[in-house]
Every structure is written in C-alpha cells, then in structure tokens.
Amino acid sequence: MGDSNLNIAVIGGGPGGYAAAFLAADLGMKVTLIDREQNPGGVCLYRGCIPSKALLHVAALINESRHAKNWGIEFGEPKIDVARLRSFKEGVVNKLTGGLGQLSKQRNVTYIRGDASFESSNSVRVKKQAGGEDVLSFDRIIIATGSRPAVIPTLKLDTPRMLDSTSALDLADVPGTLLVVGGGYIGLELGTVYAALGSKVSVVEMTPGLLPGADRDLVAPLHKRLEKAFDAIMLNTTVTSVKDEGKGIRVSFDGKDVKEREKVFDKVLVSVGRKPNSEIAGLDRTQVKLGPRGFIQVNKQLQTDNPAIYAIGDVVGEPMLAHKASHEGRTAVEHIAGHKVAFEPNAIPAVVFTDPEIAWAGVTETQAEKEGREIKVAKFPWAASGRAITLDRTEGMTKLIIDPSSERILGVGMVGVGAGDMIAEGTLAIEMAATATDVELTIHPHPTLSETVMQAAEVFFGTSTDLYRPKR
Amino acid sequence: MTEFKLPELGENVHQGDLVRLMVAPGATVAEGQPVIELETDKAVVEVPSSISGTVKDVLVKQGEKVKVGQVVFTVENGAKSVGRVPSPAKADAPVATAPAAPKPSASTQAPAPKIPATPANEISVPSETSPAPEFKLPELGENIHQGDLVRLMVSAGSHISEGEPVMELETDKAVVEVPSSVTGTVKDVLVKQGEKIKVGQLIFTLQAGATTTTQPQQPSRTDVGHGEGARMAFQAAMQAEGKTEEQALPPEQPRPPAVATFSMPLNLGKSAGTEHRDPVPAAPHTRRLARELGVDIHSVQGSGPGGRISEDDVKVYAKSLIATAVSSAGVTATHLRQPKLPDFAKFGKVERVSMRGVRRKTAEHMWEAWTTIPHVTQQDKADITELEQLRARFGPKAAEAGGKLTVTAIALKVCASALKIFPQFNASIDMETEEIIYKQYINIGVAVDTDRGLLVPVIRDVDKKNIVELAAELTQLSKKAREKKLQPADMEGGTFTITNLGGIGGTGFSPIVNHPEVAILGLSRSSIEPIWVNDKFEPRQVLPVSLSYDHRLIDGADAARFLRWIAEAFEQPFLLSVQG
Numbered sequence: 001m002g003d004s005n006l007n008i009a010v011i012g013g014g015p016g017g018y019a020a021a022f023l024a025a026d027l028g029m030k031v032t033l034i035d036r037e038q039n040p041g042g043v044c045l046y047r048g049c050i051p052s053k054a055l056l057h058v059a060a061l062i063n064e065s066r067h068a069k070n071w072g073i074e075f076g077e078p079k080i081d082v083a084r085l086r087s088f089k090e091g092v093v094n095k096l097t098g099g100l101g102q103l104s105k106q107r108n109v110t111y112i113r114g115d116a117s118f119e120s121s122n123s124v125r126v127k128k129q130a131g132g133e134d135v136l137s138f139d140r141i142i143i144a145t146g147s148r149p150a151v152i153p154t155l156k157l158d159t160p161r162m163l164d165s166t167s168a169l170d171l172a173d174v175p176g177t178l179l180v181v182g183g184g185y186i187g188l189e190l191g192t193v194y195a196a197l198g199s200k201v202s203v204v205e206m207t208p209g210l211l212p213g214a215d216r217d218l219v220a221p222l223h224k225r226l227e228k229a230f231d232a233i234m235l236n237t238t239v240t241s242v243k244d245e246g247k248g249i250r251v252s253f254d255g256k257d258v259k260e261r262e263k264v265f266d267k268v269l270v271s272v273g274r275k276p277n278s279e280i281a282g283l284d285r286t287q288v289k290l291g292p293r294g295f296i297q298v299n300k301q302l303q304t305d306n307p308a309i310y311a312i313g314d315v316v317g318e319p320m321l322a323h324k325a326s327h328e329g330r331t332a333v334e335h336i337a338g339h340k341v342a343f344e345p346n347a348i349p350a351v352v353f354t355d356p357e358i359a360w361a362g363v364t365e366t367q368a369e370k371e372g373r374e375i376k377v378a379k380f381p382w383a384a385s386g387r388a389i390t391l392d393r394t395e396g397m398t399k400l401i402i403d404p405s406s407e408r409i410l411g412v413g414m415v416g417v418g419a420g421d422m423i424a425e426g427t428l429a430i431e432m433a434a435t436a437t438d439v440e441l442t443i444h445p446h447p448t449l450s451e452t453v454m455q456a457a458e459v460f461f462g463t464s465t466d467l468y469r470p471k472r
Numbered sequence: 001m002t003e004f005k006l007p008e009l010g011e012n013v014h015q016g017d018l019v020r021l022m023v024a025p026g027a028t029v030a031e032g033q034p035v036i037e038l039e040t041d042k043a044v045v046e047v048p049s050s051i052s053g054t055v056k057d058v059l060v061k062q063g064e065k066v067k068v069g070q071v072v073f074t075v076e077n078g079a080k081s082v083g084r085v086p087s088p089a090k091a092d093a094p095v096a097t098a099p100a101a102p103k104p105s106a107s108t109q110a111p112a113p114k115i116p117a118t119p120a121n122e123i124s125v126p127s128e129t130s131p132a133p134e135f136k137l138p139e140l141g142e143n144i145h146q147g148d149l150v151r152l153m154v155s156a157g158s159h160i161s162e163g164e165p166v167m168e169l170e171t172d173k174a175v176v177e178v179p180s181s182v183t184g185t186v187k188d189v190l191v192k193q194g195e196k197i198k199v200g201q202l203i204f205t206l207q208a209g210a211t212t213t214t215q216p217q218q219p220s221r222t223d224v225g226h227g228e229g230a231r232m233a234f235q236a237a238m239q240a241e242g243k244t245e246e247q248a249l250p251p252e253q254p255r256p257p258a259v260a261t262f263s264m265p266l267n268l269g270k271s272a273g274t275e276h277r278d279p280v281p282a283a284p285h286t287r288r289l290a291r292e293l294g295v296d297i298h299s300v301q302g303s304g305p306g307g308r309i310s311e312d313d314v315k316v317y318a319k320s321l322i323a324t325a326v327s328s329a330g331v332t333a334t335h336l337r338q339p340k341l342p343d344f345a346k347f348g349k350v351e352r353v354s355m356r357g358v359r360r361k362t363a364e365h366m367w368e369a370w371t372t373i374p375h376v377t378q379q380d381k382a383d384i385t386e387l388e389q390l391r392a393r394f395g396p397k398a399a400e401a402g403g404k405l406t407v408t409a410i411a412l413k414v415c416a417s418a419l420k421i422f423p424q425f426n427a428s429i430d431m432e433t434e435e436i437i438y439k440q441y442i443n444i445g446v447a448v449d450t451d452r453g454l455l456v457p458v459i460r461d462v463d464k465k466n467i468v469e470l471a472a473e474l475t476q477l478s479k480k481a482r483e484k485k486l487q488p489a490d491m492e493g494g495t496f497t498i499t500n501l502g503g504i505g506g507t508g509f510s511p512i513v514n515h516p517e518v519a520i521l522g523l524s525r526s527s528i529e530p531i532w533v534n535d536k537f538e539p540r541q542v543l544p545v546s547l548s549y550d551h552r553l554i555d556g557a558d559a560a561r562f563l564r565w566i567a568e569a570f571e572q573p574f575l576l577s578v579q580g
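Heads up: the protein sequence lines correspond to chains A and B, in order. The opening residue of the first sequence carries number 1 in this note's numbering; numbering runs sequentially from there. The opening residue of the second sequence carries number 1 in this note's numbering; numbering runs sequentially from there.
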C-alpha cells in the first residue's frame with residue numbers, strides 16, 4: 001500500500017516536522033509544511049535547544065575565565081553587553097532557521113506560514129498569516145505540533161517579571177535576583193546562564209533532588225558546583241503563592257526544609273515541564289485519540305487511531321527531545337512510503353547542558369532498581385583521567401550499566417565537561433549490543449575524556465590501568 | 001462458484017434471525033428450493049434459492065442474524081438462473097459470473113458496453129440451464145490445493161463439451177485429468193503449460209452463447225506471474241501462513257500506544273504505559289532487516305557474544321519460519337531442514353531441476369516416515385515351488401477375468417489373511433493421544449513403478465475378494481497408474497503396503513514403512529535354491545521376503561511370527577483356505 005506518489009501535509013515545522021517533510025520530499029512525495037514561524041525550526045531552533053546553547057557557551061566562557069585565576073591567569077570582571085549578546089543569539093537562530101527555509105525551497109516543499117485546523121480526516125484548513133484561508137486535501141497528514149511550557153495556575157501573574165523558558169531566552173535584561181521554579185534540565189540550564197551573567201539565582205524544587213529521575217551519582221557533582229554558582233538550592237519545597245509587588249515578586253514557600261517562608265525576587269522563571277500541543281482545532285472530526293496527559297495516541301509506526309494521520313515528536317509523548325522527534329518523523333514517512341518500519345530504539349540519549357554536563361542513554365541505575373533488574377555497574381572517576389586533570393575538572397565520572405550474564409552494555413551515564421558529546425559512543429554501544437569486552441578492546445585516543453568509557457569497561461573486569469582496585 | 005445472497009424480503013425488512021437452515025455443504029440445491037427459514041420482524045418466511053448447483057460453503061449458522069445482501073452459501077459449478085432472479089442478486093452478481101463487465105471496478109455495474117439494454121448476467125445465457133461461461137479449477141480432493149499444469153488440451157476457439165478433458169494436472173498425489181463442467185467455444189485460456197494452478201483459479205472463459213461472437217468480454221485476469229524475485233517469494237512464503245506473519249510483524253493498525261521500551265526520567269520521570277521488554281541485542285540495521293522480513297526479532301536466538309543477533313541469525317530464523325509455515329500448509333520444503341550442500345559446480349557442470357509433483361511428494365513422505373518411525377526389517381524366505389505350479393495352472397483363469405495372476409496378486413491375499421490374524425500390523429499409532437488405532441478394514445497399497453516415479457494405488461477390502469478378483473483389480477490399477485489416470489482417491493486409505501522388486505532383481509532390501517501404516521512387505525526375485533528335503537537337496541523355487549515394521553508398535557518376535565506366517569502361507573497355499 002506504500003506509495004511515493006502521495007500528497008502529504010506536515011503540521012508543525014520543528015525538528016520532527018521538518019525532518020519528516022524533507023524525507024518525504026526526497027522520496028518523491030508532494031509535501032506541504034505548515035508552521036507559524038517564517039521558517040522551519042520550531043521550539044528547538046527558535047526558543048529551545050539552539051538559543052539556550054548559544055547562551056550556555058557564553059556562560060561557560062565566563063565561568064572558565066574566572067576559573068583561570070587558579071592557573072595564574074586573571075581577566076578581571078567581564079563587561080556584559082546584553083544587547084549584543086542577544087543579537088549574537090538571534091544571529092545563530094536566524095542563520096539556522098534561514099538555512100532550513102532554503103532547504104525546504106530546494107526540496108520543493110510548499111511552506112505555508114499559518115495556523116492549521118482539521119476539516120476532516122484528510123483535509124486541513126490553513127489560516128494564512130499573509131491573509132486568507134485555504135482548505136487543502138491530503139492523502140496523509142503528519143501532526144508535529146510539539147509542546148509548550150506547562151503553566152501552574154497559582155503561579156500565573158501578568159507581569160514581565162514572570163518568565164517561562166521562552167521569555168527567559170529573550171534575555172530582556174539580567175535581573176539582580178532570579179528564582180527558578182523547577183529543578184529540571186530547563187531550569188538548571190537557564191539558571192546557569194543567568195548566574196554566569198551576574199544574577200543571584202535560587203532554585204526551588206518540589207522533590208528531594210535536582211533533575212528528578214536521573215541517577216543521583218551523576219547529579220551529585222553538578223549539585224556541588226551549583227551550590228557555589230547559585231545563591232540557594234531549595235529542595236523538598238513548593239511555591240505556594242506569587243505576588244507582584246511592583247518592584248519585585250513576593251514568593252511564599254512551603255515544605256519541611258524551608259528556612260525563609262517568603263522572599264522577594266526581581267524575576268521568577270517557571271520551568272515545571274512541558275505540555276503537548278494536542279488541542280488542535282477540528283481534531284474531533286478525525287478518529288485521532290488522545291491518551292494520558294494529553295499526548296496523541298500512536299502505534300510504533302507513529303500512526304494515530306486514524307490510519308491516514310500520523311503524529312510525531314513532543315505531541316506523542318516523552319521524552320520530549322528534538323532527536324527523538326526527528327527519528328519519529330523519518331519513521332512515519334518511511335511507513336507512509338510502504339516500508340516495514342517501527343520506532344523501537346534501544347536507547348535515546350538525554351543530555352543536560354549544565355556545567356558540568358550530565359548525559360545518559362539506555363538503562364539507568366534508578367530504572368534498573370525500580371524494575372528489579374539485575375545489573376552490574378562499572379564506574380570510572382575522572383580523577384584518574386589525565387585529560388580531566390589537565391582541564392582541572394576532575395569531578396566527572398563515567399559509568400557503564402552492564403548485564404551480568406551477557407556482559408552487554410545496557411546503559412551509559414556520564415557527568416563532566418563534554419559529557420553531552422561523549423554519550424554518542426555509549427548510545428552506539430547500546431544499539432550495537434556491544435559487550436563490555438567490545439568497549440574494553442576498542443582503542444580510544446589518548447589523552448581524551450572519551451578514554452573514560454574504555455576505562456570504565458576495564459574497571460568492570462577489574463583490570464583498569466589507571467585505577468587500582470585491591471582484590472576482593 | 002456462485003454465491004447466494006439473502007435477497008430483498010420486502011419493504012423495510014433488512015434482516016432476520018435464521019431459525020432453520022436447510023442446506024449443508026455437498027447438498028444439491030435447485031432454483032426455487034427453500035434453503036432457509038428466516039424470522040423477521042414481520043413474519044417467519046421461507047427463502048427459496050435463486051441458484052442451482054452443489055453447495056460448497058454455508059456461511060451462516062442457525063440462530064444468527066442474517067442481513068439482506070449477506071452471502072448465505074456458495075455453489076460450485078452453479079448455474080445461475082435468470083428471469084426470476086430477484087433484482088438485488090442481479091445487481092450483486094459477482095464478477096465471476098458477469099464476464100461482460102468491462103472492468104473489474106464495474107462489477108456492480110450491469111450493462112455491457114455494446115448491448116446497453118441487457119443486464120450482464122443475461123447476455124450470454126440463452127436458457128435457464130446454461131452453464132456459467134467460464135471454467136475454474138474445481139476441488140480435486142482432500143488437501144489438494146494446487147497442481148502443475150502438465151498438459152493443456154484446450155485452446156482459444158476450440159469447442160468443449162461438459163465432461164471432456166481440459167488438462168492434465170500433476171498434483172502431489174497423482175496426475176489427474178480435469179474434465180470440463182461447461183460446454184461452449186473457448187474464448188480465452190488463462191493458464192499456460194508448466195504453471196502452478198490453484199483450486200478456484202480461472203482456467204478459461206467461453207464465448208458467450210453459440211451465436212454471439214462479438215462479445216466485448218474482458219474477463220478479469222488472474223495474475224499467475226512468477227519470478228518477482230527471491231525477496232517476493234520469500235515474503236509470499238511468509239504470508240502463506242497468515243498466523244506467522246501476524247505474529248512476526250507488529251500489526252500496523254492503531255493500537256494502544258506502546259510508548260517506548262525504555263523510560264526517560266528526564267522531566268517528571270513518569271512515562272505512561274511502558275511495556276517492558278529487554279532491549280534486543282541486535283544492531284539497528286539487523287532490527288530493520290527483521291522488520292522487513294516480518295520476523296519478530298525478540299524470537300530470534302542470537303549467536304554472537306552476549307547473545308548478539310547477527311543478520312545471519314535473522315535470515316536463518318526467517319527460513320525456519322518459512323519451513324514451518326510451508327510444512328503446516330502441507331507443502332513441506334524439506335530441503336530447508338537439510339544440512340547445507342557443497343557447491344557442486346566447483347567440481348564440474350551440474351544441472352538443477354525443480355522437484356515436482358510425485359518426486360517432491362515422495363521425498364517429503366519418505367523423510368517423514370523415516371524420521372518418525374523406528375524401522376526394523378525382518379528377512380525370511382518362502383518356498384514357492386508349489387505355489388508357482390498353482391500359478392501356472394490358474395493363470396489362464398485369471399486372464400479370463402482380465403487380470404494377471406502375479407506373485408503380488410497372491411501376496412495380497414496372503415497378507416490380508418495375515419493381517420486378520422495379527423491386527424497390530426493393520427493399525428496406526430496416535431502418539432498425541434497415546435492410542436493405537438486398529439482398523440476394521442483391510443486396504444492394501446501396492447507400490448507401482450511408473451515413469452513419473454513411485455505411486456501406491458490402494459486395493460480396498462482385500463479380505464473380501466478372491467485371488468482372481470484381486471488379480472484383475474491389481475492389473476487394472478497398475479495400468480491406470482502407468483497411464484496417469486489414477487485419481488487421488490485411488491491412493492488413499494491404505495492399511496498395509498506391498499512392494500515387489502522381484503521383476504527387476506535383487507535378493508533382499510529394506511523397504512520404508514508407508515506412514516501412518518506400521519508395516520510393509522517387500523518381495524525380491526525368487527530363485528532356484530538347493531533345499532534340504534527328506535535327506536537330500538532338492539531344487540526349490542525360493543522367494544526372499546522382507547518385512548519392515550514400526551518398532552514403536554510391533555516387537556521383533558511378533559514381526560518374525562507374522563513374516564513366518566506369510567512365508568508358510570506361500571509355501572502351503574492350502575493354509576490360506578483353512579486359516580485365511
């Protein structure tokens with residue numbers, strides 16, 4: 001039933017949507033891509049991964065220049081031109097999104113800037129930003145509408161002092177004090193940026209630890225460092241109310257570890273997760289069904305309950321990550337083209353771009369414990385890594401989660417400088433079903449941080465060159 | 001094949017409860033004959049058939065609700081009547097009986113292009129009893145679904161009458177001549193010699209009516225093309241057993257979301273509905289291959305370190321799936337279970353010829369028998385000097401009856417008597433239920449060597465026939481076998497088998513039991529041997545006899561006694577009349 005001669009629509013131009021649209025065009029389908037922005041890119045490029053990484057790069061530079069004092073180099077306090085920093089960030093965004101616009105033109109993808117709603121299972125009404133409406137019919141429709149920051153009603157105030165991830169990235173100014181509500185990866189990344197730029201940052205987290213869900217041993221070095229970089233880290237604490245007092249926002253806290261019940265902050269960033277954009281007008285005219293938490297229900301081929309409608313990316317579920325969305329987009333298109341495919345990865349890497357970075361892929365220790373799965377963990381502390389010592393960043397750690405009977409690598413976790421780039425090797429090892437021996441016998445370049453992956457495998461066999469473990 | 005659908009019953013009556021079903025598969029129905037009693041909202045009505053023929057499948061059950069237009073039963077070689085057919089049946093006339101429809105898509109659109117006023121099913125049917133103007137391969141027998149077309153006896157333009165042979169088809173069991181069930185002038189022949197033909201496949205169409213020669217008929221063609229590449233064949237084979245395919249491939253219809261096989265504790269750490277299956281130890285490329293082949297990668301056993309599944313593991317598993325799928329479909333691909341062959345072409349020129357029909361069936365059957373039955377062969381010798389004298393004397397009598405009084409013919413009678421005395425030799429084993437099935441009838445198969453290979457026609461109720469009758473029947477069956485006239489039914493139902501290689505030579509051999517039978521008697525060439533009789537050697541005619549048996553059911557001592565009994569019966573034909 002597969003056919004490359006189809007007319008397909010992709011609603012939403014994020015990393016999932018444009019990956020799907022471009023592949024469909026490459027396979028010879030007639031493709032229409034509908035999005036509100038001028039170019040494809042979505043949250044990732046306009047309001048997420050990319051602008052935050054541009055700012056985090058700057059934050060890392062500032063932090064490193066301060067760190068240089070330890071090595072006999074002093075730069076003095078940085079002078080920060082927020083307007084130029086903002087335009088650098090915007091330049092990065094425009095360059096990337098403009099490039100995607102070019103790529104869709106080259107592929108003859110019809111790009112419509114506007115809002116889409118469903119007329120029926122195979123037709124879409126597009127309210128064009130240029131004016132006017134079109135009702136277009138398609139053979140297949142891919143929903144890639146993504147997600148948006150979740151809002152807590154009690155924390156809603158109509159003032160520019162209340163930020164979400166989008167407005168925080170706009171970088172209107174550098175507030176003197178900033179409260180980050182939510183100790184997840186978005187809050188910690190943005191908190192890191194503002195702290196480096198000079199804000200006194202406090203984080204409030206409801207659960208007992210930062211980055212809930214991640215392995216504690218990976219979070220510990222970050223926590224330690226953030227304790228210095230941030231003004232306060234309040235765990236087991238909830239925000240009960242926020243009040244605009246004109247000159248600041250008065251925030252009340254509650255929880256067993258609370259020291260100050262109330263405090264005033266210049267700005268408050270709410271980063272308590274994201275919600276799927278599944279409230280699409282006219283969706284009730286199709287057979288598409290929503291599952292728990294408002295995610296669109298799909299099968300492994302990303303097909304909704306209406307076989308002609310697919311959905312991919314944040315709108316179908318966790319993890320809400322760009323690289324997951326683009327893989328799903330390509331899987332959906334391949335299925336439309338008649339291939340027998342399924343979205344069944346063995347590992348999706350997750351990276352927290354804080355300083356140090358935290359990254360993991362596959363089975364985590366926390367997860368194994370919850371499932372009662374028997375695992376062996378091999379850890380290599382970066383204190384024994386030559387490269388980490390040269391960087392003066394020895395707080396890192398690399399660990400392998402290994403199946404004791406097959407000695408297969410089930411999961412990899414890392415914390416340290418550059419962990420986000422190094423996790424790719426771990427993901428490949430998991431996907432290829434590599435054993436600890438495979439990793440141990442693969443020559444890694446010296447002196448690099450990537451050696452720690454091999455060294456962790458050596459630790460598993462108790463024969464690490466750089467780490468002495470007394471015989472048990 | 002024609003369908004009978006529930007016709008319109010009256011205004012606003014759309015369905016009814018089936019209170020009485022008056023037809024069953026195999027029954028003959030005539031037009032007008034009541035076939036079901038239906039209780040509608042308004043009344044109980046008797047619904048008469050609008051078609052005639054032999055009922056093939058009944059698709060409704062008593063107590064069910066039946067809707068107007070629903071197929072009630074199908075009729076084989078059915079003649080659809082005209083004139084009094086209720087109108088809905090006309091509109092729903094399947095393409096098969098409406099060849100005048102210009103395109104398959106127009107199946108419900110009755111008018112034919114050149115005779116616009118005439119409904120499709122009336123065009124070529126001059127009288128009510130006219131047969132359907134096409135011929136499909138009818139049912140050939142139990143478990144026969146297809147055959148190789150070895151000889152085609154019709155061509156476009158030739159005239160064919162009902163009962164006239166259309167083609168010769170080589171099935172797993174026999175070569176059968178397929179007679180036509182229709183009369184008329186052949187228009188298009190849709191099969192070719194050498195092709196595989198399936199039951200129900202369209203063989204030829206007739207010109208509509210003797211006088212109408214300008215019919216714009218475009219019969220829907222059945223695609224019988226081969227050679228779509230190994231990959232297609234592979235997938236087709238996978239699909240041969242729908243179940244396997246279904247199990248192997250995750251259904252593509254929407255299902256409750258199988259969110260992911262991992263949990264991603266990035267955000268709030270809650271991933272809904274995670275079904276936990278260990279990550280498969282196979283590279284993404286290998287997993288993709290498995291999906292393409294329709295193999296559930298989770299079922300594949302990995303041969304690599306840590307159970308890693310290689311591309312070869314997937315292919316080997318897929319092949320084994322086909323082997324099971326195909327064998328359970330009745331067409332065992334025996335070679336798939338065999339060890340890998342060397343490359344013979346390295347040593348010289350070779351020719352590969354596909355195993356067809358009888359050879360393939362024999363190969364499968366022998367493999368099955370040999371791997372299922374623990375064989376033992378018991379040898380003995382029978383002094384047939386006296387028997388030979390009798391044979392010479394009574395030969396002419398048998399010849400009068402149209403038979404030849406051969407050793408085999410006599411052996412039939414001898415064995416029938418022996419089987420009565422030793423019933424465990426006339427039995428089968430059911431290992432599943434752990435039962436022995438003793439048969440209360442004696443049907444003996446006789447192996448016949450033909451130019452197409454080994455065939456085993458069965459002579460029924462051997463114990464109830466005399467030697468002259470048996471000789472005549474054996475002669476007739478052997479002739480039929482050699483002339484490819486044996487019907488599948490002629491080779492079914494045997495309880496014991498005799499194979500005689502004496503005509504060729506040899507002093508003994510161990511035959512393979514014809515599973516699910518439990519014993520087989522082999523006869524070799526008789527010769528004159530010196531036998532010690534009354535203090536001196538005498539030249540006697542001695543027949544070597546071999547009995548292979550299933551040791552699961554029969555013990556050596558019983559086999560020795562059974563064979564000895566047979567040898568003695570040959571030696572003293574009188575014993576037969578006393579004990580047999």
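These aren't lab readings, by the way, just hints derived from the structure by calculation. Since this is a predicted model, take the numbers as computed values, not measurements. There's no promise every hint is true.
[Said to hold, decoys possible] Listed below are several chain B residues computed to face chain A (Cβ distance under 10 Å; list not exhaustive):
no.: 1; residue: Pro7
no.: 2; residue: Glu8
no.: 3; residue: Val280
no.: 4; residue: Ala283
no.: 5; residue: Thr286
no.: 6; residue: Arg287
no.: 7; residue: Ile297
no.: 8; residue: Pro305
no.: 9; residue: Gly306
Every residue gets a Cβ at the ideal spot worked out from N, C-alpha and C, and that includes glycine.
Going through the hints against the structure:
1. Pro7: violated, 34 Å
2. Glu8: Constraint on B:Glu8 not satisfied, violated at 33 Å.
3. Val280: holds, 7 Å
4. Ala283: holds, 5 Å
5. Thr286: Because about 9 Å separates B:Thr286 from the closest Cβ in chain A, which is inside the 10 Å limit, the hint holds.
6. Arg287: holds, 7 Å
7. Ile297: holds, 9 Å
8. Pro305: holds, 5 Å
9. Gly306: It holds, given that the least Cβ distance between B:Gly306 and chain A is near 4 Å, below 10 Å.
Against the hints set out earlier in the document, violations occur for numbers 1, 2.
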